[in-house]
Amino acid sequence: MATVSTPTEPTPIVTPLSSSWDRGDLRQLYEQERLSLVRLASLLVHDPADAEEVVQDAFVQAHLAWGRLRDPAKALPYLRSAVLNGARSRLRHRKVVERFRPAAAAVEPSPETALEAGDERQRMIAALRSLPDRQRECLVLRYYLDLSEAEIAATLGISAGSVKTHSHRGVAALAAKLEAR
Amino acid sequence: MTVEDQLRQAMADHTAGIGLAPDHWDEIEVQAAAARRVQARHRARRRAGGLTVLGVAVTAAAALIALPALTHESTHRVAVTPANRPTTIVTPEPAPTTVSPGATTVPGATAAPGGVTTVPTTVPTGFAYQPLYPFRSVQEATAWQASYRATGAQPWHLDPGQTSLSFTAFLGYSDVTTVFDVHTDATGAHVTVGFPNPNGAPVNSAVVHLRRFGTGTDAPWEVVGTDDTANFKLTTPRYGTVVKSPLTVGGAIMGVDESIRVQVLQVSSPTPLGVFCCQPAGNSGAPWGATVSFKGATDQVLIVAASTGGHLAAVERFTVTGVRTAGGSTPGL
Chain A
306 MATVSTPTEP TPIVTPLSSS WDRGDLRQLY EQERLSLVRL ASLLVHDPAD AEEVVQDAFV
366 QAHLAWGRLR DPAKALPYLR SAVLNGARSR LRHRKVVERF RPAAAAVEPS PETALEAGDE
426 RQRMIAALRS LPDRQRECLV LRYYLDLSEA EIAATLGISA GSVKTHSHRG VAALAAKLEA
486 R
Chain B
2 MTVEDQLRQA MADHTAGIGL APDHWDEIEV QAAAARRVQA RHRARRRAGG LTVLGVAVTA
62 AAALIALPAL THESTHRVAV TPANRPTTIV TPEPAPTTVS PGATTVPGAT AAPGGVTTVP
122 TTVPTGFAYQ PLYPFRSVQE ATAWQASYRA TGAQPWHLDP GQTSLSFTAF LGYSDVTTVF
182 DVHTDATGAH VTVGFPNPNG APVNSAVVHL RRFGTGTDAP WEVVGTDDTA NFKLTTPRYG
242 TVVKSPLTVG GAIMGVDESI RVQVLQVSSP TPLGVFCCQP AGNSGAPWGA TVSFKGATDQ
302 VLIVAASTGG HLAAVERFTV TGVRTAGGST PGL
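Chains as they are written, first to last, in the numbering used here: chain A, 306 to 486; chain B, 2 to 334.
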């Protein structure tokens, strides 16, 4: 039986809570968190380069909003929200682009290709990516970042009850997809 | 294994293959600055409409230009080119200083940036200021003096205007290219530097304060700071204090949609030891603050420089202060 590894836990913010909290600390946060955020984004978008850009855009937003972010504890949740929103936007854009793109021009392996490869991990990731946005986001935040329902609710701007519903439906959908194969 | 466990495992395996990407912080800052400018323009348009925006821009430009002039008494205007360019323009002869060699008291507060009079722990005999540029010690100044007497090398050290422009070039302020005023008194030379504005009055960027470094009528000029102006102050860290990284920097500013950039430099390094970019600021006398990290400090004296701009030029105003490092090893200081 395979062992379950613990997902990479984001490094806690070490920046002080004092008045010295300023944009220099955003730089520090960038150094500390960009890898974990890129990894998070990579679970939501298909292209690693897209994941990088989503995170970069999130930090640009944080840069602009820094004056309003007085509480350091809210910086990382803010960045996560920005990454989720950015990833959602990318996927939406991608859907539009792919609608008008010839099939042969597709660069990324489709979920079907991943399934044919027979790789368990790819099958699971492909199934995850085929879920509706909210379900996918709830599952990633819950089972990758190990956030609580309340934290997920705060990050996504939805109620804890909705988080529970989306998570439950997401897991059920994953199970159904894997079983169907 | 449950579906949840399989999902955890798959996500952990998938992300484990993703390594640390190259640092794109500079791009982030550039994008943020551009977005901020766009936001500012949109805000201004929404607030006041097209014609009023023009009025605001004119007012801001006028304030930028007029305030430094109001805070410093002009004596004469001399156009001087940077020190590293050949020039035939006659520069004013600076008056000899009245502070006798060997004095270790701190001169009047008017000379020190921020109005502070903190005495460094190791004040070199004969020089009560922080030697910022171009010499790190009296010994270096004396060595140039001997070289000059023998060969006439680098005569620009005797010109406070050219020394000031060489200093702004060292800071990387390529827009600040003109000396508008040189005023000498018992505290040294006070050089107003800036740049011409094709659409209006010239812009005064700062008043650089210099002292003669060493003895004799051919003692070279040394930048020791900038004079405070009402519209841009750097008051933290205090002049002459011992600092370490990260350094908290702050002061007050008057202006519209300012973006303050802070650098930490030392004379022996061609590039800054640390840069912070950028802190949005504005309003009348509004406080500003930033934290800048730096590394590689080997000199005993560091230069902390703050600049703002973006309306007419990248650097429109700047202010500097001198601080000291605990572990610095400047020879002879």
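FYI, nobody ran anything at the bench for these hints, they're computed from the structure. Just so you know, even glycine gets a beta-carbon here, dropped at the ideal spot from N, CA and C. A few of these clues could be false.
[What the hints assert, rightly or not] Below, simulated SDA-like cross-link-like pairs (lysine to any residue); rule was C-alpha separation at most 20 Å, straight line:
(1) K296/B / A327/B
(2) K296/B / K482/A
(3) K296/B / D330/A
(4) K482/A / H15/B
(5) K245/B / G283/B
[Claimed, not checked] Residues from chain B that face chain A, not an exhaustive set, calculated with beta carbons under 8 Å:
(6) E5
(7) Q7
(8) A11
(9) A22
(10) R37
(11) V39
(12) S175
(13) F196
(14) T216
(15) T218
(16) D219
(17) V276
(18) F277
(19) P281
(20) V293
(21) S294
Now the hints, each set against the structure:
1. Between K296/B and A327/B, the direct Cα distance comes to roughly 13 Å. Compliance with the 20 Å bound is thereby established for this hinted pair.
2. For a cut-off of 20 Å, the pair hint linking K296/B to K482/A is broken: about 54 Å separates their Cα positions.
3. For the suggested pair K296/B and D330/A, the alpha carbons sit about 16 Å apart, so the restraint of at most 20 Å is met.
4. Of the pairs offered as hints, the one joining K482/A and H15/B holds, with about 19 Å between alpha carbons and a cut-off of 20 Å not exceeded.
5. Straight-line distance between C-alpha atoms of K245/B and G283/B comes to about 28 Å, which puts the hinted pair past the 20 Å bound.
6. Interface restraint check for E5/B: the shortest CB-CB distance to chain A comes to about 6 Å, inside 8 Å, so the restraint holds.
7. Interface hint status for Q7/B: upheld, as the beta-carbon distance to the closest one in chain A is roughly 6 Å, under 8 Å.
8. Here the hint on A11/B is kept, as its CB sits about 4 Å from the closest CB of chain A, short of 8 Å.
9. The beta carbon of A22/B is positioned within 8 Å of a beta carbon in chain A (closest approach about 5 Å), and the interface hint is therefore held.
10. Checking R37/B against chain A: minimum C-beta separation of about 6 Å stays under 8 Å; hint holds.
11. Taking 8 Å as the C-beta contact cut-off toward chain A, the hint placing V39/B at the interface is violated, the least distance being around 10 Å.
12. The beta carbon of S175/B comes no nearer than 24 Å to any beta carbon in chain A, farther than 8 Å, and the hint placing it at the interface is violated.
13. With a cut of 8 Å, the hint placing F196/B at the interface with chain A is violated, because the nearest CB-to-CB distance is about 27 Å.
14. With its C-beta approaching chain A no nearer than about 42 Å, T216/B sits outside the 8 Å limit, and its interface hint is violated.
15. For T218/B, the suggested interface contact is broken, since its CB lies about 46 Å from the closest CB of chain A, more than 8 Å.
16. A hinted interface residue such as D219/B counts as satisfied when its beta carbon comes closer than 8 Å to some beta carbon of chain A; here the least separation is about 43 Å, so the hint is violated.
17. A distance limit of 8 Å between C-beta atoms decides the matter here; for V276/B the minimum to chain A is near 10 Å, and the interface restraint is violated.
18. With 8 Å as the threshold, the beta carbon of F277/B comes within range of chain A, its nearest partner Cβ sitting at about 6 Å, so the hint holds.
19. Evaluation of the P281/B hint against chain A yields a held restraint, the C-beta minimum of about 7 Å falling below 8 Å.
20. Hint status for V293/B: holds, given a least beta-carbon distance of 6 Å to chain A, under 8 Å.
21. At its closest, the beta carbon of S294/B sits 7 Å from a beta carbon of chain A; the interface hint therefore holds under the 8 Å criterion.
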